[in-house]
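Chemist: One-letter residues, chain by chain:
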Amino acid sequence: MTRPLRLHPDRLFASDPVQRDIARTLYAAVADLPIVSPHGHTDPQWFATDAAWENAAELLLTPDHYIFRMLYSQGVPLEALGVPSREGPPATDPRAAWRTFAARYHLFRGTPSRLWLDHVFAEIMGFDVQLEAATADLYYDAIAEKLASPAFRPRALFDRFGIELLATTEGAEADLSAHHAIRASGWNGRVVTTYRPDGVIDVEHEQFAPAMARFAALTGEDVWSWQGYLAAHRRRRADFRAAGATATDHGHPSARTANLSPREAEALFARVTGPDPSPEDADLFRAQMLTEMARMSVEDGMVMQLHPGSLRNHNAALFASHGRDKGADIPMRVDYVSALKPLLDVVGNERNFTLILFTLDESTYARELAPLAGHYPCLRLGPAWWFHDSPEGMRRYREMTTETAGFYNTVGFNDDTRAFLSIPARHDVARRVDCAFLARLVTEHRLEDWEAAELAHELTVGLARRAYRL
Amino acid sequence: MTRPLRLHPDRLFASDPVQRDIARTLYAAVADLPIVSPHGHTDPQWFATDAAWENAAELLLTPDHYIFRMLYSQGVPLEALGVPSREGPPATDPRAAWRTFAARYHLFRGTPSRLWLDHVFAEIMGFDVQLEAATADLYYDAIAEKLASPAFRPRALFDRFGIELLATTEGAEADLSAHHAIRASGWNGRVVTTYRPDGVIDVEHEQFAPAMARFAALTGEDVWSWQGYLAAHRRRRADFRAAGATATDHGHPSARTANLSPREAEALFARVTGPDPSPEDADLFRAQMLTEMARMSVEDGMVMQLHPGSLRNHNAALFASHGRDKGADIPMRVDYVSALKPLLDVVGNERNFTLILFTLDESTYARELAPLAGHYPCLRLGPAWWFHDSPEGMRRYREMTTETAGFYNTVGFNDDTRAFLSIPARHDVARRVDCAFLARLVTEHRLEDWEAAELAHELTVGLARRAYRL
Amino acid sequence: MTRPLRLHPDRLFASDPVQRDIARTLYAAVADLPIVSPHGHTDPQWFATDAAWENAAELLLTPDHYIFRMLYSQGVPLEALGVPSREGPPATDPRAAWRTFAARYHLFRGTPSRLWLDHVFAEIMGFDVQLEAATADLYYDAIAEKLASPAFRPRALFDRFGIELLATTEGAEADLSAHHAIRASGWNGRVVTTYRPDGVIDVEHEQFAPAMARFAALTGEDVWSWQGYLAAHRRRRADFRAAGATATDHGHPSARTANLSPREAEALFARVTGPDPSPEDADLFRAQMLTEMARMSVEDGMVMQLHPGSLRNHNAALFASHGRDKGADIPMRVDYVSALKPLLDVVGNERNFTLILFTLDESTYARELAPLAGHYPCLRLGPAWWFHDSPEGMRRYREMTTETAGFYNTVGFNDDTRAFLSIPARHDVARRVDCAFLARLVTEHRLEDWEAAELAHELTVGLARRAYRL
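Heads up: the protein sequence lines correspond to chains S, E and Z, in order. Numbering that gives the first Met the number 0 puts the first residue of the first sequence at 0, with every later residue one more than the last. Numbering that gives the first Met the number 0 puts the first residue of the second sequence at 0, with every later residue one more than the last. Numbering that gives the first Met the number 0 puts the first residue of the third sequence at 0, with every later residue one more than the last.
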């Protein structure tokens with residue numbers, strides 16, 4: 000006996016009828032607004048080639064670390080799911096991988112992955128029964144059939160999803176060929192890039208040297224000299240802007256920034272690009288480069304994003320066997336108050352500069368981030384991120400930031416995903432949770448209904464368009 | 000078209016009708032109780048001279064860092080708001096400043112400032128339309144007219160607000176002349192002072208030397224010797240008690256305390272009052288002085304308050320141009336468990352000593368503060384403070400402290416404000432949020448209704464009167 | 000006039016009728032399931048001898064640090080409550096102690112102790128009036144009378160409570176005679192032990208040397224040599240398994256682990272068992288022993304529990320006069336991410352090993368613990384612990400762990416108590432709070448009702464049985 004799959008129209012609204020009615024009204028006005036996706040990790044090649052995906056496992060399972068990390072935590076080997084190791088993809092039959100996943104779908108109860116996947120299954124794929132062991136093959140076959148149809152090609156889905164803009168993220172050493180191909184193709188979908196120079200800033204990254212080599216080749220600059228290195232960044236930022244970028248992004252272990260004199264910075268650069276840089280120098284260099292990037296943003300107008308606080312590759316054995324991005328990144332406690340001060344001492348009062356801050360440490364929302372963003376003209380708060388991109392996470396975010404930073408120092412929603420099909424689901428969850436929060440404020444007479452309606456529109460599209468200068 | 004301004008009688012109560020009904024009943028019994036304000040920052044000169052305020056900007060905008068920090072965060076220069084710099088007040092027309100504020104009133108949606116201001120506008124000023132660009136002048140003119148009338152003089156408002164007691168805060172170097180004038184005037188309003196000796200304890204404060212000079216002049220003690228310095232504190236504490244004080248207050252960067260031997264303390268005093276004290280010595284001296292103040296409280300019965308964890312003057316450029324208290328103080332992570340141990344080792348088990356702890360770091364509520372206050376006889380928890388003095392902040396405070404510390408280790412509400420007109424609004428918010436919390440406990444059958452009624456009274460007036468020994 | 004005592008059948012459910020109805024239905028199906036208590040601190044002697052308890056003070060007051068810490072915080076001396084000092088029990092009349100408590104029962108409003116005690120009073124003792132000064136003697140006498148009856152002996156209550164399994168906790172130096180006596184008695188109640196070797200691992204404990212002496216005597220090993228010491232642990236783990244243990248438990252100041260080479264570990268052991276070990280060595284040894292214990296668990300299948308982050312005996316004067324476990328243990332900030340890495344580098348990917356993590360630092364739920372447990376196969380999250388074993392604490396636990404770790408990386412409820420009579424009350428609170436949480440997810444359409452019913456059963460008995468290998 001299969002179970003029916005239905006998306007309830009009131010999902011994620013409070014059960015209280017007064018709140019629910021208001022939430023419904025607010026949501027109805029924003030549900031069909033275009034999707035503005037100013038920060039994410041989809042593959043631009045999809046939109047450049049518009050090639051069909053092949054099967055459910057390849058599309059939904061293998062690339063989604065939210066999913067395979069949960070299965071791994073419950074004893075499923077990554078091989079059984081078809082997740083590639085450093086040796087390449089295992090010989091796992093994708094259908095068998097899909098069955099392994101389907102039989103354990105109950106593990107996702109209470110998680111946002113469950114909400115996103117059910118949305119994909121019901122809304123995009125049209126299923127009316129739930130995924131479980133008994134329906135694994137039905138799902139697998141139907142998905143394969145759909146993916147073979149033109150309506151499920153990347154560009155067709157992009158249009159169907161109502162995406163106004165989709166930003167991808169590329170390294171400083173990327174050639175942006177997919178983005179150039181998209182533009183050359185005449186397709187009118189707006190896919191832009193984002194400048195993420197971590198690979199040429201983190202001297203401890205195992206790919207630092209080859210990234211620098213490509214950085215040099217793409218810019219023609221002497222990237223091993225401090226001035227040449229900075230000039231190369233300026234060139235690449237211009238290249239990225241030409242490919243539509245309005246923003247940069249920086250994923251650092253901490254929020255540490257530095258404000259060295261030009262002479263100190265040059266000496267530091269020499270040390271970190273020399274043999275065997277010390278961990279402290281490597282960290283100080285990352286810190287200094289945030290301030291350098293901020294200075295360049297003041298010059299060229301690119302919005303800066305900072306995503307700090309993830310300890311990458313916590314599982315040593317898994318990193319050795321499978322490499323990066325395998326669900327083993329773990330958040331750490333982060334300080335913003337003293338860490339950001341050196342950068343803010345330089346550019347904190349610039350009115351034409353925007354730095355969007357993210358966190359994985361929710362204890363900083365009310366204590367540090369809202370007070371900072373509620374004072375500095377350049378600061379804005381990014382939405383609830385990664386492990387907190389979830390109904391409870393978003394609710395806590397609003398409850399802990401709004402009273403000090405207000406709504407207007409936030410920037411709307413980011414889906415931040417590699418999972419293209421989940422994009423409508425993720426934006427829908429965010430719109431619903433925001434409307435539920437606004438509805439509570441209205442029922443508690445902390446906002447008027449017309450204000451909540453204005454805010455729902457701002458949280459859905461207005462703030463993102465303005466903050467990212469789209 | 001203007002928008003009506005109405006304060007809903009059920010504001011801040013849950014929308015659930017069962018909870019709301021109970022909250023209404025609880026609130027009705029405490030709504031009109033007198034205001035006990037044992038900790039705040041109003042200017043005693045107002046009550047000494049009873050002079051009229053001049054205009055809306057001077058009264059409501061320029062002195063309120065909650066308001067101008069939000070406007071500044073959205074790109075409004077402080078000059079445009081009439082906020083004084085180190086050079087003095089700018090030449091900004093107060094009406095123009097008010098218009099700038101009114102046009103951006105939507106920025107405060109979802110913040111407690113909005114709740115407080117609307118309360119002031121509706122209840123105290125009698126407006127029935129909302130503040131916005133279109134009503135800026137209407138507001139400005141009507142407020143000016145009211146302020147000119149006798150009913151809006153400080154003492155008249157004090158009486159109208161039903162204030163039972165109002166504590167101000169003065170430095171150890173203050174002459175208390177305003178308080179003496181109030182007492183000499185025959186007016187029966189009870190305005191008392193609080194001993195806040197930070198200015199003569201924080202050797203890193205830029206005004207330390209002149210403060211010490213006044214401290215010496217007022218006491219006749221040799222304040223540059225350790226024994227003379229301690230004797231001067233004892234004298235000034237007595238002076239403050241004579242001016243009605245029942246409490247001291249200490250605003251320190253951290254909760255660090257120390258328990259040095261008399262000889263060590265004396266040597267430390269010599270170092271910090273000598274040339275160029277080290278930051279570590281300056282910090283250790285602040286820590287030691289908390290224990291000295293606690294010892295004096297055991298002697299003289301003054302209740303001690305500790306407000307730690309704010310990094311003052313985070314914005315270096317703004318501090319250079321505008322000085323202190325310009326909305327650039329940012330909370331930091333605070334440890335209480337090891338920090339307070341030296342002091343508690345000395346006075347922790349004293350039954351006749353009270354130390355009221357505050358925090359800007361909500362992660363310490365359930366982890367550190369409630370367990371400490373739920374054990375040590377001398378400890379009590381101050382209410383949700385500053386950035387957390389808000390509906391969500393107060394709710395989190397109760398949810399995270401009550402189960403371990405109970406209600407009776409808390410001390411009622413503090414408005415902690417310089418904004419005299421907002422005092423009724425702030426107490427009203429606190430009463431409503433407490434009643435809403437109690438109502439939830441009743442509906443979940445965790446309290447009986449008659450217990451909730453007793454507690455609502457205690458949280459409104461009983462605990463404050465007893466904790467502050469009024 | 001006395002007040003009626005009634006336990007409302009809907010207590011701890013949300014007041015919203017939609018949520019409440021679902022919670023009722025979920026709860027009805029689990030309310031009468033057996034009690035699985037895999038971690039606690041009851042005295043096995045009670046079940047070995049089945050001797051009657053004598054009076055209310057001895058049974059409910061004197062051993063319960065939740066209760067006497069609150070009374071102490073409000074100025075009641077421990078002597079007045081009959082709490083033993085290092086000199087032994089005071090000469091306090093137990094009836095007088097009970098009266099002191101009864102007169103202050105209002106202090107517990109809003110705390111879980113109040114919920115547990117009222118459950119004991121109403122359900123187990125059959126009272127229909129509330130405890131207060133006026134009913135103190137009525138309570139005292141009726142409890143004494145009941146305790147004298149066979150139905151209130153430990154084994155009779157064990158059966159009445161429907162306990163499927165009760166785990167106690169014994170040190171490595173315990174002879175387990177009570178457990179042997181239980182087994183020899185032919186009684187069919189399942190009472191098992193848990194291996195808690197802190198006393199022979201924490202070289203800073205004042206009883207370390209005598210504990211080691213008993214450890215040597217019980218094992219016949221040369222416990223002062225590293226290999227003999229490890230062998231003694233293996234022997235005692237086997238002894239404990241023979242007495243029913245399936246788990247070990249470790250109460251450490253922090254979550255620090257280490258992964259020293261055999262040679263380094265042996266040298267460290269020599270230093271910490273030599274004269275005057277340094278605090279750093281003592282801490283490193285605790286850290287290393289967690290990894291050793293984990294290795295032994297991989298060998299022998301015992302489930303490992305880690306309870307870190309309590310600063311024991313914070314109150315120096317009270318520790319001097321009254322010793323340990325007097326309500327003066329205070330939680331501290333805890334790091335798990337870097338602290339656990341050495342251990343996880345060794346055994347993190349073992350599928351046949353389980354490490355159950357607890358915390359007193361709720362800021363780690365969403366930031367560290369859920370991401371760790373949602374990735375590592377060996378990790379599970381223990382329930383909300385100690386100060387957080389409360390309605391709000393459990394709610395925060397579910398809200399902050401579920402979205403990343405799911406339900407299936409948690410292990411059900413632990414009562415963790417010395418207060419035998421409170422065990423049904425504690426499990427009842429947990430079942431109610433979990434059902435209320437699940438009901439909310441159902442009303443928000445984040446779970447189906449049949450999924451919630453499955454989960455309620457899992458959270459009540461299924462997860463605990465499996466996680467603890469019962």
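Check each hint, because a few of them may be wrong.
Pairs of lysine to any residue residues, derived as SDA-like cross-links and limited to a Cα-Cα distance of at most 25 Å, are as follows [as the list claims (entries may be wrong)]:
hint: 1; chain 1: Z; residue 1: K145; chain 2: S; residue 2: D282
hint: 2; chain 1: Z; residue 1: K145; chain 2: S; residue 2: P62
hint: 3; chain 1: E; residue 1: K340; chain 2: Z; residue 2: P278
hint: 4; chain 1: Z; residue 1: K145; chain 2: S; residue 2: Q206
hint: 5; chain 1: Z; residue 1: K340; chain 2: S; residue 2: D344
hint: 6; chain 1: S; residue 1: K340; chain 2: E; residue 2: A315
hint: 7; chain 1: S; residue 1: K340; chain 2: E; residue 2: A257
hint: 8; chain 1: E; residue 1: K340; chain 2: E; residue 2: D275
hint: 9; chain 1: E; residue 1: K340; chain 2: Z; residue 2: N54
hint: 10; chain 1: Z; residue 1: K145; chain 2: Z; residue 2: D49
hint: 11; chain 1: Z; residue 1: K340; chain 2: S; residue 2: R270
hint: 12; chain 1: S; residue 1: K340; chain 2: E; residue 2: R323
hint: 13; chain 1: E; residue 1: K340; chain 2: E; residue 2: R323
hint: 14; chain 1: Z; residue 1: K340; chain 2: S; residue 2: S84
hint: 15; chain 1: S; residue 1: K340; chain 2: E; residue 2: K145
hint: 16; chain 1: Z; residue 1: K340; chain 2: S; residue 2: V75
hint: 17; chain 1: S; residue 1: K340; chain 2: E; residue 2: P278
hint: 18; chain 1: S; residue 1: K145; chain 2: S; residue 2: Q206
hint: 19; chain 1: Z; residue 1: K145; chain 2: Z; residue 2: N54
hint: 20; chain 1: S; residue 1: K145; chain 2: S; residue 2: A281
hint: 21; chain 1: Z; residue 1: K145; chain 2: S; residue 2: D280
hint: 22; chain 1: Z; residue 1: K340; chain 2: S; residue 2: R2
hint: 23; chain 1: E; residue 1: K340; chain 2: E; residue 2: E265
hint: 24; chain 1: E; residue 1: K340; chain 2: Z; residue 2: D282
hint: 25; chain 1: Z; residue 1: K340; chain 2: S; residue 2: K145
hint: 26; chain 1: E; residue 1: K340; chain 2: Z; residue 2: D49
hint: 27; chain 1: Z; residue 1: K145; chain 2: S; residue 2: V75
hint: 28; chain 1: E; residue 1: K145; chain 2: E; residue 2: E265
With beta-carbon atoms standing in for the labels, derived distance ranges [what the hints assert, rightly or not]:
hint: 29; chain 1: Z; residue 1: R350; chain 2: S; residue 2: H204; range: 29 to 35 Å
hint: 30; chain 1: Z; residue 1: A230; chain 2: S; residue 2: W223; range: 42 to 48 Å
hint: 31; chain 1: E; residue 1: G74; chain 2: S; residue 2: W186; range: 33 to 39 Å
These are calculated hints, taken from the structure and not from any lab test. Note that the Cβ used here is the ideal one computed from N, Cα and C, for glycine as well.
Chemist: Decide, hint by hint, whether the structure agrees.
Modeler: Tested hints:
Between K145(Z) and D282(S), the direct Cα distance comes to roughly 68 Å. Violation of the 25 Å bound is thereby established for this hinted pair. Only pairs whose Cα atoms come within 25 Å are accepted, and K145(Z) paired with P62(S) is rejected, the gap being roughly 64 Å. Between the alpha carbons of K340(E) and P278(Z) the distance comes to roughly 19 Å, so the proposed pair stays at or under 25 Å and holds. For the given pair, K145(Z) sits about 74 Å from Q206(S) by alpha-carbon distance, which is inconsistent with the 25 Å threshold.
At roughly 36 Å between alpha-carbon atoms, K340(Z) and D344(S) are farther apart than 25 Å, so this suggested pair is violated. Between the alpha carbons of K340(S) and A315(E) the distance comes to roughly 9 Å, so the proposed pair stays at or under 25 Å and holds. The straight-line distance between the Cα atoms of K340(S) and A257(E) is roughly 29 Å, outside the 25 Å bound, and the hint therefore fails. This hinted pair does not check out: K340(E) and D275(E) have alpha carbons roughly 29 Å apart, beyond 25 Å.
With a C-alpha separation of about 37 Å, the suggested pair K340(E) and N54(Z) falls outside the 25 Å cut-off, and the hint is violated. Simply put, K145(Z) and D49(Z) have alpha-carbon atoms about 15 Å apart, close enough for the 25 Å limit, and the pair holds. Of the supplied pair hints, the one linking K340(Z) and R270(S) is violated, its CA atoms being roughly 29 Å apart against a limit of 25 Å. Using a Cα cut-off of 25 Å, the hinted pair K340(S) and R323(E) holds, with the two alpha carbons roughly 17 Å apart.
Our distance criterion of 25 Å between C-alpha atoms is broken by K340(E) and R323(E), whose separation comes to about 31 Å. For the hint pairing K340(Z) with S84(S), the CA-to-CA distance comes to about 22 Å; that is within 25 Å, so the pair holds. Note on K340(S) and K145(E): the hinted pairing is violated, with a Cα-Cα distance of about 44 Å set against a maximum of 25 Å. Our distance criterion of 25 Å between C-alpha atoms is met by K340(Z) and V75(S), whose separation comes to about 21 Å.
For the hint linking K340(S) to P278(E), the alpha-carbon distance of about 19 Å falls within 25 Å, and the restraint holds. With a C-alpha separation of about 38 Å, the suggested pairing of K145(S) with Q206(S) is violated against the 25 Å cut-off. For a cut-off of 25 Å, the pair hint linking K145(Z) to N54(Z) stands: about 9 Å separates their Cα positions. Taken as a hint, the K145(S) and A281(S) pair is broken in the structure, with Cα atoms around 48 Å apart against an allowance of 25 Å.
Between K145(Z) and D280(S) the alpha-carbon distance is near 72 Å, which puts this suggested pair outside the 25 Å criterion. Between K340(Z) and R2(S) the alpha-carbon distance is near 41 Å, which puts this suggested pair outside the 25 Å criterion. Taken as a hint, the K340(E) and E265(E) pair is honoured in the structure, with Cα atoms around 21 Å apart against an allowance of 25 Å. Restraint check: the Cα-Cα separation between K340(E) and D282(Z) comes to about 21 Å, which is no more than 25 Å; the hinted pair holds.
For the suggested pair K340(Z) and K145(S), the alpha carbons sit about 44 Å apart, so the restraint of at most 25 Å is broken. A C-alpha spacing of about 43 Å is found between K340(E) and D49(Z), which places the hinted pair above 25 Å, so the restraint is violated. A threshold of 25 Å between alpha carbons decides the hint, and for K145(Z) with V75(S) the separation of about 53 Å lies outside it, so the pair is violated. For a cut-off of 25 Å, the pair hint linking K145(E) to E265(E) is broken: about 56 Å separates their Cα positions.
Evaluation of the 29 to 35 Å hint for R350(Z) and H204(S) yields a pass: the beta carbon distance comes to about 31 Å. The beta-carbon spacing between A230(Z) and W223(S), approximately 57 Å, falls outside the hinted interval of 42 to 48 Å. Checked against the hint of 33 to 39 Å, the pair G74(E) and W186(S) passes, with Cβ atoms roughly 37 Å apart.
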